[in-house]
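Protein chains: 2
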Amino acid sequence: MSRTTALIAALAATALTTPVLAQNRPTSAASASVAADVAKLRDAALKDEVAYDIIEGITTEVGPRLAGTEAEARARTWSVAKLKALGFKNVRIEPYQMPVWVRGEETAEVVSPFPQKLRLTALGNSGATPPEGLTAEIVYFPSVQDLQAAPEGSLKGKIAFVSNAMVATQDGSSYGTFGLARFAGPNIAATKGAAAIVIRSIGSDHGRGPHAGLTNFAAGVTPIPSAALSTADADNLSRMVARGKPITLKLVLTPRQIGTQESGNVVAEVPGSDPAAGVVLIGGHLDSWDLGTGAIDDGAGIAITAAAAKYFLTGPKPRRTIRVVWFGSEEVGGFGGRAYAEAHGKERHAAAAESDFGADRVWRVETNLPDSAKAAGDRLAAALAPLGIVRGKELAGDGADVGPMMKAGVAAIDLNQSGQRYFDYHHTPEDTLDRIDPAQLSQNVAAWTTMLAVIANAPEEIGAVTPK
Amino acid sequence: MSRTTALIAALAATALTTPVLAQNRPTSAASASVAADVAKLRDAALKDEVAYDIIEGITTEVGPRLAGTEAEARARTWSVAKLKALGFKNVRIEPYQMPVWVRGEETAEVVSPFPQKLRLTALGNSGATPPEGLTAEIVYFPSVQDLQAAPEGSLKGKIAFVSNAMVATQDGSSYGTFGLARFAGPNIAATKGAAAIVIRSIGSDHGRGPHAGLTNFAAGVTPIPSAALSTADADNLSRMVARGKPITLKLVLTPRQIGTQESGNVVAEVPGSDPAAGVVLIGGHLDSWDLGTGAIDDGAGIAITAAAAKYFLTGPKPRRTIRVVWFGSEEVGGFGGRAYAEAHGKERHAAAAESDFGADRVWRVETNLPDSAKAAGDRLAAALAPLGIVRGKELAGDGADVGPMMKAGVAAIDLNQSGQRYFDYHHTPEDTLDRIDPAQLSQNVAAWTTMLAVIANAPEEIGAVTPK
Numbered sequence: 001m002s003r004t005t006a007l008i009a010a011l012a013a014t015a016l017t018t019p020v021l022a023q024n025r026p027t028s029a030a031s032a033s034v035a036a037d038v039a040k041l042r043d044a045a046l047k048d049e050v051a052y053d054i055i056e057g058i059t060t061e062v063g064p065r066l067a068g069t070e071a072e073a074r075a076r077t078w079s080v081a082k083l084k085a086l087g088f089k090n091v092r093i094e095p096y097q098m099p100v101w102v103r104g105e106e107t108a109e110v111v112s113p114f115p116q117k118l119r120l121t122a123l124g125n126s127g128a129t130p131p132e133g134l135t136a137e138i139v140y141f142p143s144v145q146d147l148q149a150a151p152e153g154s155l156k157g158k159i160a161f162v163s164n165a166m167v168a169t170q171d172g173s174s175y176g177t178f179g180l181a182r183f184a185g186p187n188i189a190a191t192k193g194a195a196a197i198v199i200r201s202i203g204s205d206h207g208r209g210p211h212a213g214l215t216n217f218a219a220g221v222t223p224i225p226s227a228a229l230s231t232a233d234a235d236n237l238s239r240m241v242a243r244g245k246p247i248t249l250k251l252v253l254t255p256r257q258i259g260t261q262e263s264g265n266v267v268a269e270v271p272g273s274d275p276a277a278g279v280v281l282i283g284g285h286l287d288s289w290d291l292g293t294g295a296i297d298d299g300a301g302i303a304i305t306a307a308a309a310k311y312f313l314t315g316p317k318p319r320r321t322i323r324v325v326w327f328g329s330e331e332v333g334g335f336g337g338r339a340y341a342e343a344h345g346k347e348r349h350a351a352a353a354e355s356d357f358g359a360d361r362v363w364r365v366e367t368n369l370p371d372s373a374k375a376a377g378d379r380l381a382a383a384l385a386p387l388g389i390v391r392g393k394e395l396a397g398d399g400a401d402v403g404p405m406m407k408a409g410v411a412a413i414d415l416n417q418s419g420q421r422y423f424d425y426h427h428t429p430e431d432t433l434d435r436i437d438p439a440q441l442s443q444n445v446a447a448w449t450t451m452l453a454v455i456a457n458a459p460e461e462i463g464a465v466t467p468k
Numbered sequence: 001m002s003r004t005t006a007l008i009a010a011l012a013a014t015a016l017t018t019p020v021l022a023q024n025r026p027t028s029a030a031s032a033s034v035a036a037d038v039a040k041l042r043d044a045a046l047k048d049e050v051a052y053d054i055i056e057g058i059t060t061e062v063g064p065r066l067a068g069t070e071a072e073a074r075a076r077t078w079s080v081a082k083l084k085a086l087g088f089k090n091v092r093i094e095p096y097q098m099p100v101w102v103r104g105e106e107t108a109e110v111v112s113p114f115p116q117k118l119r120l121t122a123l124g125n126s127g128a129t130p131p132e133g134l135t136a137e138i139v140y141f142p143s144v145q146d147l148q149a150a151p152e153g154s155l156k157g158k159i160a161f162v163s164n165a166m167v168a169t170q171d172g173s174s175y176g177t178f179g180l181a182r183f184a185g186p187n188i189a190a191t192k193g194a195a196a197i198v199i200r201s202i203g204s205d206h207g208r209g210p211h212a213g214l215t216n217f218a219a220g221v222t223p224i225p226s227a228a229l230s231t232a233d234a235d236n237l238s239r240m241v242a243r244g245k246p247i248t249l250k251l252v253l254t255p256r257q258i259g260t261q262e263s264g265n266v267v268a269e270v271p272g273s274d275p276a277a278g279v280v281l282i283g284g285h286l287d288s289w290d291l292g293t294g295a296i297d298d299g300a301g302i303a304i305t306a307a308a309a310k311y312f313l314t315g316p317k318p319r320r321t322i323r324v325v326w327f328g329s330e331e332v333g334g335f336g337g338r339a340y341a342e343a344h345g346k347e348r349h350a351a352a353a354e355s356d357f358g359a360d361r362v363w364r365v366e367t368n369l370p371d372s373a374k375a376a377g378d379r380l381a382a383a384l385a386p387l388g389i390v391r392g393k394e395l396a397g398d399g400a401d402v403g404p405m406m407k408a409g410v411a412a413i414d415l416n417q418s419g420q421r422y423f424d425y426h427h428t429p430e431d432t433l434d435r436i437d438p439a440q441l442s443q444n445v446a447a448w449t450t451m452l453a454v455i456a457n458a459p460e461e462i463g464a465v466t467p468k
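Sequence lines, in order, name chains E and A. Mapping the first sequence onto the UniProt record's numbering, position 390 (from 1) lands on 390, and the numbers just tick up by one. Mapping the second sequence onto the UniProt record's numbering, position 158 (from 1) lands on 158, and the numbers just tick up by one.
Be aware that one or more of the hints could be misleading.
Identical copies go unnamed one by one, so any copy, or any two together, can satisfy a pair.
DSBU-like cross-link-like pairs, simulated, lysine-lysine; straight-line CA separation at most 30 Å [stated by the list, open to error]:
| hint | residue 1 | residue 2 |
| --- | --- | --- |
| 1 | 84 | 245 |
| 2 | 117 | 84 |
| 3 | 407 | 40 |
| 4 | 250 | 158 |
| 5 | 192 | 158 |
| 6 | 192 | 374 |
Think of the hints as simulated: they come from the structure by calculation, not from any bench.
Using the sequences provided together with the hints, build the complete structure.
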């Protein structure tokens, strides 16, 4: 999940605070009947084992796959072989070029008054300390707003420390609000003359695995060393701050930009019977942060979407072509999604949907369908109800990778997953196969299979919409 | 918790498998009445905040404190100040000398066929690889027994990999059985000519934080590089093994022995009114493994015992002197416990008890009291019952640090804590303040306060016993 998605979710959550009661109104979905073939596919997919096999495979045989590195290239090779073995058609890599940042050494210690090592990780696009490290006093800020309020120049030669503690929410919107410390904090600290910045990881856990993630510096601002302390280490540092003595940290962070490299999207299809009806675009992202093995972010998304599409490789062709895209380099700026839109933006797309929020159960469906296809939305909600999925009242439109297509007017389906656990592991070393709950993963596959059965086969015209 | 304790617990658990039904017999405890002063102290201690404050303090202001290092020395200085501030008498450091092993670099990666980094940590007393690392093929063993069965010389130049997966048990006994892979595996691998050994961490978690811990090599056996993979990394490596291709690992492990250094015990007392009645010896250990901040192992133990003893600093003197010892260098071989026994073995001790199994609730009490004081054991069990503590049928005698005193015939009390969660964090980076549940911690303090109220004030003679 990227910060763009998070910011959109945060805005949506704000908008939702007023009309809560409206959510209790019955919807037309309740009265829609579920076609027998849709129900049959849905219930078969609840026993799915393909998605788990994909996640098990890529985490074991490839592991971490940072965008633009040889590991991501190995992941593309692995993916082509896997998708071909699953029976997909037109399997191919669509390469593109992108700038690449890579991690170096990263250590930290409290020099005084309470000497001990701290665990942290550099943020994407972080600047570097000298190889021998940087030692400076910290200046404490409870929130990024407090950092923003610091007088210009007041941080000169100091290390800013922002301790804001994220809490989990069902819809993931808190990532957008708390995440500002990561998204914007380093740029703010740099403009105020800070030598470096450390933030409390944007995560809802209490562990020692720091949460990686991208930050960006404005044009003309020189990147400063920027890192996320593990939540436990940040809390320890906050307790030291509370004792009232000056605190000196030593940081060694040696990441670097390695210039333009090749990345790419992996594309696979289930050809449809009616080319004029448009493509249904689904997928997740193939790249991962480099600390974990990318199970929930986003091995799950590529696995769920491919496993669902696979059900349409046998039996009658779906009306619409189902195109599964395993996007490259989402984590570091959404390069794959933009490359897809550039290459395929002129093709007719009926709908788009993305899975990039882990593997916990889908709890809500939202759509942004044209009036001509409102009935398909009702049928979808009715077919998903037995999976414990409620229909939301907002317009769909989530997804960093399919975002450019949605913004261009392609109809959108959001199958929202529970966010209660996701940010315990997101971007940490702990994002490994062990975090996948097979039962919840299968519920996801069933939801996506149901969505494809309804939308890819909808007899209605599905044309352009006004984006969310 | 040390391996000695674990092995004893494992043996005890084996012995328990037959007479399970016997545990359902009523005991005399059920009919003993609880003195009002004991109940009052117990219930006051349920609201204790001193223990949490001690753990918060030592994890924040000292952090990791590996035996024999300057960090452990800082911990002793901190402890003396803390115990004096709490009002204890005769607070002092009792130094001794010990050999010290320290960690170096530690990295690992799968070179082929599935290149990726693995997380691991060197075991205490591990040998070192060359600085540039050691690259070799692994030989897989599901258990230490399989390793033991490998033909002599069959491991020459190879890295042994033992994947045995520990499961948690209420009484902690599984540490003894599964822990053999760590306690004995490296020595076995070394005698069979292995270049190195990696084991699955002895832990019940599914995370990326490896579990440190001691191993020992027999006299004449040259230590080989020996490390514990995190449970998640070991499981990943096992999945690679299951694919059937040869697997090459690169290990960099550069720990070293730094010779004899100073360690020490910190001693504090609540003087009793009757010196002839003997000392009640309680405590935990001050040193910790170096990856975490030593909250559950054993910040909890020093905190629980001191917080309980503190209740006897006000009001009438207890009959017996309560001596709280925060032992040094338990983790690396129980040097503090032996030093105490050498220094104090000839003093009269009435009873001994140790807290070294985390901070989760006490679920069982066992005693080894002389016949003259059986009634005190009954009163103790009755007074603990309202805390949800059952009386066990075995003889008490747990504790690496108080073990030498118990073996010499000092009466023993065991207040057993729940082992369901302990080995998720034991010896890992995750052993931090966040793992302490304040409510369960206070239940511990209440149990220990109750024990002191009954035993330190028992009018009965408490003489020597036959050790467990």
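Hint check:
{"no.": "1", "hint": "84 with 245", "in the structure": "between (61 Å within a copy, 22 Å between copies)"}
{"no.": "2", "hint": "117 with 84", "in the structure": "between (47 Å within a copy, 28 Å between copies)"}
{"no.": "3", "hint": "407 with 40", "in the structure": "neither (34 Å within a copy, 69 Å between copies)"}
{"no.": "4", "hint": "250 with 158", "in the structure": "within (11 Å within a copy, 39 Å between copies)"}
{"no.": "5", "hint": "192 with 158", "in the structure": "within (10 Å within a copy, 55 Å between copies)"}
{"no.": "6", "hint": "192 with 374", "in the structure": "neither (51 Å within a copy, 71 Å between copies)"}
Figure legend: structure checked against the earlier numbered hints; hints not met, in rising order: 3 and 6.
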